[in-house]
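**Q** Residue numbers (the working numbering), protein chains in the order written: chain F, 1 to 350; chain A, 1001 to 1375.
Treat the hints loosely; a few may be bogus.
Stated by the list, open to error - Listed next, the stretches of chain A that the computed footprint assigns to chain F, with coverage defined by at least 3 CB atoms under 8 Å from CB atoms of chain F:
| hint | segment |
| --- | --- |
| 1 | 1125 to 1139 |
| 2 | 1177 to 1186 |
| 3 | 1351 to 1359 |
Stated by the list, open to error - Result set (DSSO-like, lysine-lysine): computed pairs, CA atoms no more than 27 Å apart in a straight line:
| hint | chain 1 | residue 1 | chain 2 | residue 2 |
| --- | --- | --- | --- | --- |
| 4 | F | K49 | F | K234 |
| 5 | A | K1293 | F | K49 |
| 6 | F | K49 | A | K1220 |
| 7 | A | K1335 | A | K1308 |
| 8 | A | K1220 | A | K1293 |
| 9 | A | K1320 | A | K1308 |
FYI, nobody ran anything at the bench for these hints, they're computed from the structure.
Since we're looking at a predicted model, the values are computed, not measured.
We put the CB at the ideal spot given by N, CA and C, even for glycine.
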Amino acid sequence: MTTTTETTNATATATGTATLTLAKSITAGLRRSMQDDDKVILLGEDIGKLGGVFRVTDGLQAEFGTDRVVDTPLAESGIIGMSVGLAMRGYRPVAEIQFDGFIYPGFDQIVSQVAKLHYRSRGAVRMPITIRVPFGGGIGSVEHHSESPEAYFAHTAGLRVVSCSNPQDAYDMLREAIASDDPVMFFEPKRRYWSKGEVNFEPEETLPLSRARVVSPGSDVTLVAYGPLVATAKDAVAAAADDGVSIELIDLRSIAPIDFDTVAASVRKTGRLVITHEAAQSGGIGGEIAASITERSFNWLEAAPARVTGFDTPYPPAALEEHFLPDLDRILDAVDRVLGRPNSLSDWED
Amino acid sequence: MLRTTVSNSSDSEVDLLDDRDYVQLIDAEGRRHANPTLDRWIADVSDDQLADLYEDMVVVRRIDVEATALQRQGELGLWPPLLGQEAAQIGSARALRDDDFIMPSYRENGVAYCRNVPLDDLVRVWRGHAHGSWDPTEYRMAIPAVIIGAQTLHAVGYGVGVRMDGADSAVITYFGDGATSQGDTNEAMIFAATYNAPVVFFCQNNHWAISEPVRLQAAKHISERAPGYGIPSIRVDGNDVLAVMAATRIALDRAHRGGGPTFIEAVTYRMGPHTTSDDPTRYRSAEELAEWKAKDPITRLEKYFEDKGIFTDELKARVKAKADSVAAEFRAGCKEMVEPETMSVFDFVQIEANPVLERQRAQYAAYLANFEGED
Ligand SMILES: Cc1ncc(C[n+]2csc(CCOP(=O)(O)OP(=O)(O)O)c2C)c(N)n1
Ligand SMILES: [Mg+2]
C-alpha cells in the first residue's frame, strides 16, 4: 500500500480541554491514538471520505492517509478477519461496524478468532483489536439500526466489552481500549453522540477501563446503568431526590468483565439494586449482575434486585420504540418496587 | 404483461454476451441499435408496450420524488431513492411471470410497484410503523432485506424448493454492487451453481455503496465473477429498459427450463443520495453526476419516441395523469396511515406460547394502566 494523502499540520496534538460532543470526543481519541502509535489503523465501511455515517472518523483520512484510514469492501467478516491478520502482523486495528445490527456477518471472526486466538495459541498471539460499534435505539431508525448486542460478546470468553456514556470517558476509554493488548468491543451509545461535555485531552489520572464509576453517591438504592441509559438514570436520580429517595448511580463502563467490587460495595450500603439496559431481559447483563450480587451480597439485600430492560422481542419499529426503551418512569417504578413502595406490580401475584 | 416470443436460450448465447463492455439496445441519445442476440427476446415488444414501460418508469420516479418530499416534511423517517435505476427495475420486473418469486433488497420500490404492492405498503417501513409490510406469498415478493446480501441465499433456497415441488417458476434476487462483497452473496452463487437453482442474480451496479465507489468492491467487472462460480453472466446497460428486459428474459428462460442460475449486472447509476440521510456531495463529483444524467433511462426513451414521432401529446397527458393520480394516492396513503397499537410490540415474536414474554406483556400492561386518567 502507498500513502496517497499528505499528512498535514492538523496532526498537532490536542492539549488542554474542549467542549465536545461524544462523537467528536471519539474522533479526538482516535486521532490521539493514531498520533501516539503509528501501528494504529482504522478500517470500516464508509469511514474515509464520508467520515463514517456518524462522521466519527471525519477528517482522519485526510490527516493520516488512506493506508491508515481504510475504506473496506462491504463485508463485516472481511473487516474483522482482516483485522486479525493485521494484528498478527503487529498492527493495532480499530474496526468500525457501521451499526449494531450489521455486526453479525463478522460474528464468527469475532467469537472464534479474535476472542480465542490468544488462548488457542497458548499466549503466542495477541489480538490488540478494538471493534467500535454504535449501538442502541432511540433514533427513530429502521430495523437492524437500534440493537443492543453486547450480551452476546460478554458471553464470549476472551473479549473485553465496554461502553462509554459521556465525552470524557469516550475519549479516555477508547484510548485505553486501543492500547490494550486484549481485544475490546467498544460500544458507543449512538443516541448520545450529539450530547456535549468537557473533555480534558491529557487527564492526569483516568479510571481503568475495567472499573465502574460511581456517578453520584446515594444511600437508599443502587442503580446500575451503562452506555445510553446513564443519562436517563441521571434524570431518575434527580427525580427520586425530589421525592426524598437517595440513589447511588453506577456507570458500569465495563460490561465484561464486570466490576462487581464496586457494585457490591454500593449494594452493601444501600441494600437495594436496580439494573437497567436497553437489551432484552433474558440472558442479558442485568440478570448476570442480579445473580452475582445476590450470590455475593445476599445478606445485605433488603429486596430482590429489579431489572428495567428492553423486552424479549426484536427491537420494534420506530413508532413503538418509546415503549421498548427503558425510560425515567419505568426506572422510578422499579425504584419504588425495591423500596417496597406502591408500584405498577404492587398487586401482582406469583 | 409482456411475454417473450422466443425461448430456447443456450449457455453459449449467454457467454457470447460476456466479453462485451455491456449490451445495449437503446443508447443515451434514444437511438435503437440492432443486437441479434438480444433482439429476438424483445421482438414482441411493440411501441405501445414500450410506452407502457415508459409510463411505469415515470410513475416510479414520481413515487420516489413524493417519498423524498414526505421525508423532508417529517412524514417518513427515511427513504432510499431509486432515482436513475428505473429502467433496471422496470425492465426486469416486467419480464417476470406472475409466479416468479422476487427476493429484493430495500431499494426495489419500482419492482414492488410492478407487483401491485399497495402504495401505502411501500412506505410503512420507512414511516417506522413496521419492519415489513406485505405478505410475500400474496405478492410473490419478499419484504425488503436491509442486511446486505442476505436475500441472495434465500433466493437459492426458494428456488431449490420450487424445483423439488416440480414447478417451473424462477426466483429473481436483487442486490447492489456493494452486496457482491458479502460472503452471503458469494455463497449464494456457489449454492445456486451446485444445485442448479432457478435463480436470476440481478445486480444493480449503481456505482456506489453509500460513499464507496464500485472499484472498491470489484477490481474487474462484477459480471466477471459469476463465471468463476460456474454461472453464465450478462453485463447489460441498466439504463436501457429494453436491453434489461431482454437480458432478464434470457435469464428467466434458462431458469424456467431447468438451465440453472444466471447472473445479470445491470450497469446503472444512483442519481440520488444513498438514502435521505446521506449527503453525496461529500464523496462524489458533480461531473460524474452530470455524466450519468446524460444517460438518464427516462429521457432516452423520450428521445426514442420523439425520433419515431410517437411522443404524442396524448401519450404525455396519459402518463402525467397516471403519475399524478398515483402520487396523490401515495401521499394520502402515507399521511392517513394508522399508528400501530402500543401492545403490538409483543406480537409476532414467535408462534408457540412464550410464558416469559407473556409475563412481560402483562406486566407492561399493568404498568401502562398506572397512567390511566393522567395526561
Ligand atoms: C450487513 C450490512 N452491513 C452494512 C450495512 C449498511 N449499508 C446499508 S446499504 C449499504 C450500501 C449498499 O450498497 P449496494 O449493495 O451497492 O446497494 P445500493 O445501496 O447501492 O442499492 C450499506 C453499507 C447493511 N445494511 N448491512
Ligand atoms: Mg450500489
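**Q** Mind listing which of the numbered hints don't hold for this structure, in increasing order?
**A** Violated hints: 4, 7; rest satisfied.
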